[in-house]
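Top to bottom, those sequences are chains Y and C.
Be aware that the first sequence starts at 5, since it is given in the numbering used here, and climbs by one per residue.
Be aware that the second sequence starts at 21, since it is given in the numbering used here, and climbs by one per residue.
A couple of the hints might just be wrong.
Said to hold, decoys possible - Listed next, the in silico SDA-like pairs over lysine to any residue satisfying Cα-Cα at most 20 Å (straight line):
| hint | chain 1 | residue 1 | chain 2 | residue 2 |
| --- | --- | --- | --- | --- |
| 1 | Y | Lys92 | C | Lys90 |
| 2 | C | Lys128 | Y | Lys92 |
| 3 | Y | Lys92 | C | His32 |
| 4 | Y | Lys92 | C | Leu71 |
| 5 | Y | Lys92 | C | Gln193 |
Stated by the list, open to error - Here are the in silico distance ranges between beta carbons for each label pair:
| hint | chain 1 | residue 1 | chain 2 | residue 2 | range |
| --- | --- | --- | --- | --- | --- |
| 6 | C | Ser78 | Y | Pro253 | 45 to 55 Å |
| 7 | Y | Thr89 | C | Gly33 | 20 to 30 Å |
| 8 | C | Leu254 | Y | Phe297 | 28 to 38 Å |
| 9 | Y | Thr95 | C | Ser204 | 35 to 45 Å |
| 10 | C | Ser22 | Y | Ser94 | 14 to 24 Å |
| 11 | Y | Ile164 | C | Ser150 | 16 to 26 Å |
| 12 | Y | Phe168 | C | Ser22 | 41 to 51 Å |
| 13 | Y | Thr95 | C | Pro143 | 39 to 49 Å |
| 14 | C | Asn57 | Y | Phe168 | 25 to 35 Å |
| 15 | Y | Thr95 | C | Thr155 | 43 to 53 Å |
What the hints assert, rightly or not - Over 12 Å on every C-beta distance to chain C, these chain Y residues come out as not near it, computed from the model:
| hint | residue |
| --- | --- |
| 16 | Leu70 |
| 17 | Ser135 |
| 18 | Thr145 |
| 19 | Leu153 |
| 20 | Phe160 |
| 21 | Gln171 |
| 22 | Leu177 |
| 23 | Thr238 |
Hints are computed from structural coordinates only; laboratory data are not their basis.
We treat Cβ as the ideally placed atom computed from N, Cα and C, and that holds for glycine.
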Amino acid sequence: MIQFFNMLLIGIGAGSIYALMAIAMVLVWRSTRVVNFAQAGMALLSTYIGFELVQKTGNFWIALPLAMILGAVFSSLVEILLIRTLIKHSTSGPVAGIVPIIATLGLLGFIRAIIGFIWGNQDVQIKAPLSQIGFRVGSQTIALSPMNLFVLLTVFGMVIVLGFIFQRTNLGLSLRASAYAPEIAQLAGVRVGAIRTVGWAIAGAAGAAAGLLQTVNGTGALSPDSLEFSLLLTFGFIAAVVGGLESLPGAVLGALVLGLVLAIVQIYISGTLVFIVAFALLLLVLLVRPQGFIGVKAGRRA
Amino acid sequence: MSLIVKGLTVDHGAIRAINDVSFTVEKGKLSAVIGANGAGKSTLLRALSGLNSATAGSAEWSSHNLLHGKPEAHVRKGVSHVSEGKSVVAELTVEENLDLGALWRRNKREATESKSQAIALFPRLGERLSQRADTLSGGERQMLAIGRALMSKPELLLLDEPSLGLAPLVIEQIFQTIRSIVDSMGLTVVLVEQNAMGALKIADTAVVLNLGSVAATGSAAELIADPAVRAAYLGY
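Using the sequences plus the hints, can you model the full thing?
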């Protein structure tokens with residue numbers, strides 16, 4: 005019983021961080037039709053900046069929102085300086101559509117090299133601001149620490165705020181219209197170029213939050229070739245695709261399902277099977293339900 | 021204040037889509053642009069709304085240069101374009117589609133008034149405000165597209181084939197509404213149509229395009245009476 009309960013806690017905890025990453029990928033995809041392979045690199049950079057901010061201020065609670073803001077700024081700059089230009093100039097030829105996507109792969113390597121150059125290849129440590137010892141229920145220790153609880157609440161808070169922005173505000177309406185039908189949005193007076201940048205900015209903030217929260221939720225160690233960040237990209241991407249790549253609720257649902265499935269595999273079967281299952285799930289979804297759980301069948305691209 | 025187009029030329033790559041097109045539309049008038057498929061009618065509108073860039077010529081609306089700037093800037097100068105094929109966002113609700121046209125407007129009270137006006141003009145939309153646009157019929161979608169354009173409080177309205185794919189009765193209704201928009205709201209309208217007869221019946225003036233060039237211009241009544249136009253475009 006306690007094992008089942010712990011499995012749920014671990015699954016939802018991991019899934020919530022994949023959800024932030026998946027949200028970032030979906031926002032970028034919706035605003036510019038680019039799959040951003042540099043998302044994890046940008047999250048890693050933001051997390052290093054978070055590390056510096058923790059060093060300077062000594063306070064994680066200040067460092068987290070600041071790192072998110074800087075993540076948003078960096079992501080906007082990538083869109084304005086790199087992606088926008090590439091989309092404008094790569095309009096013909098056999099590889100036109102994938103030039104910006106390949107560029108994000110280049111950017112990933114570039115960011116990692118820059119991080120290595122600035123912070124060196126040794127691990128740095130961000131100390132968890134809250135206890136990582138699980139709460140006690142009766143005589144048992146459960147797989148939920150104050151740190152885990154904070155991460156969960158923060159992620160769910162962010163998801164609710166994003167949902168509100170998207171469904172209930174003018175900015176959200178502009179973001180949705182620009183994603184579904186950029187030309188019509190433009191004709192209605194929406195400044196689609198600026199709205200694209202906003203999409204990238206929110207993605208950058210979500211990625212920064214994912215990176216920092218994942219780090220303090222885990223061992224606290226950071227390195228330029230961090231395996232955990234590669235996993236974050238992979239699992240965030242799988243969750244986004246499972247959720248249909250177009251839909252924010254789909255991304256969150258996909259991430260929670262992925263987190264739970266991987267927790268079941270890890271606890272009841274074997275930790276070594278986690279990767280196999282994650283990719284099998286991706287391939288299975290692409291084969292049987294390519295539009296994802298929530299995606300629109302034969303989704304429009306106009 | 022009028023729409024003055026002079027020598028407008030637009031290229032799609034190596035292909036000249038419209039060539040040296042000139043015409044004038046007085047304020048408060050409805051001008052039909054008719055011609056066969058591929059005559060360059062849509063290209064003409066897309067150039068006027070800033071979606072396509074022009075190669076040569078000029079186009080002015082009340083001293084605002086229409087060949088410069090993006091569509092979102094044109095909207096702010098009172099030029100709204102309903103593009104071909106029911107220009108609504110299928111995934112948004114009817115009300116969201118309407119609101120979209122007024123997001124940029126500062127005066128929210130006036131925007132709310134525009135919404136009441138649009139709903140009064142198309143009561144069907146009022147009954148379906150919370151439905152997704154892709155659940156509407158073709159005619160309702162066209163009404164929504166026009167309603168969305170009116171939410172931007174336009175002075176010049178560019179309509180691209182509002183009759184496309186609609187039943188004759190619905191076409192009649194849409195055309196009558198377009199005429200009433202011109203008469204009651206004082207808007208200037210450029211109506212691009214393949215349904216030449218229907219468009220000429222409600223228009224004040226018309227431009228006939230053939231292979232990208234102006235074949236004839238004049239009052240709608242003159243063009244209906246012109247044997248050459250009748251033979252080529254009205255089919256009798």
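Verification of the supplied hints:
no.: 1; hint: Y/Lys92 to C/Lys90; in the structure: holds (15 Å)
no.: 2; hint: C/Lys128 to Y/Lys92; in the structure: violated (35 Å)
no.: 3; hint: Y/Lys92 to C/His32; in the structure: holds (17 Å)
no.: 4; hint: Y/Lys92 to C/Leu71; in the structure: holds (15 Å)
no.: 5; hint: Y/Lys92 to C/Gln193; in the structure: violated (42 Å)
no.: 6; hint: C/Ser78 to Y/Pro253: 45 to 55 Å; in the structure: holds (49 Å)
no.: 7; hint: Y/Thr89 to C/Gly33: 20 to 30 Å; in the structure: holds (21 Å)
no.: 8; hint: C/Leu254 to Y/Phe297: 28 to 38 Å; in the structure: violated (53 Å)
no.: 9; hint: Y/Thr95 to C/Ser204: 35 to 45 Å; in the structure: holds (44 Å)
no.: 10; hint: C/Ser22 to Y/Ser94: 14 to 24 Å; in the structure: violated (41 Å)
no.: 11; hint: Y/Ile164 to C/Ser150: 16 to 26 Å; in the structure: holds (22 Å)
no.: 12; hint: Y/Phe168 to C/Ser22: 41 to 51 Å; in the structure: holds (46 Å)
no.: 13; hint: Y/Thr95 to C/Pro143: 39 to 49 Å; in the structure: holds (44 Å)
no.: 14; hint: C/Asn57 to Y/Phe168: 25 to 35 Å; in the structure: violated (46 Å)
no.: 15; hint: Y/Thr95 to C/Thr155: 43 to 53 Å; in the structure: violated (35 Å)
no.: 16; hint: Leu70; in the structure: holds (31 Å)
no.: 17; hint: Ser135; in the structure: holds (45 Å)
no.: 18; hint: Thr145; in the structure: holds (47 Å)
no.: 19; hint: Leu153; in the structure: holds (36 Å)
no.: 20; hint: Phe160; in the structure: holds (25 Å)
no.: 21; hint: Gln171; in the structure: violated (10 Å)
no.: 22; hint: Leu177; in the structure: violated (6 Å)
no.: 23; hint: Thr238; in the structure: holds (29 Å)
In terms of the numbered hints stated before, the structure departs from hints 2, 5, 8, 10, 14, 15, 21 and 22, listed from lowest to highest.
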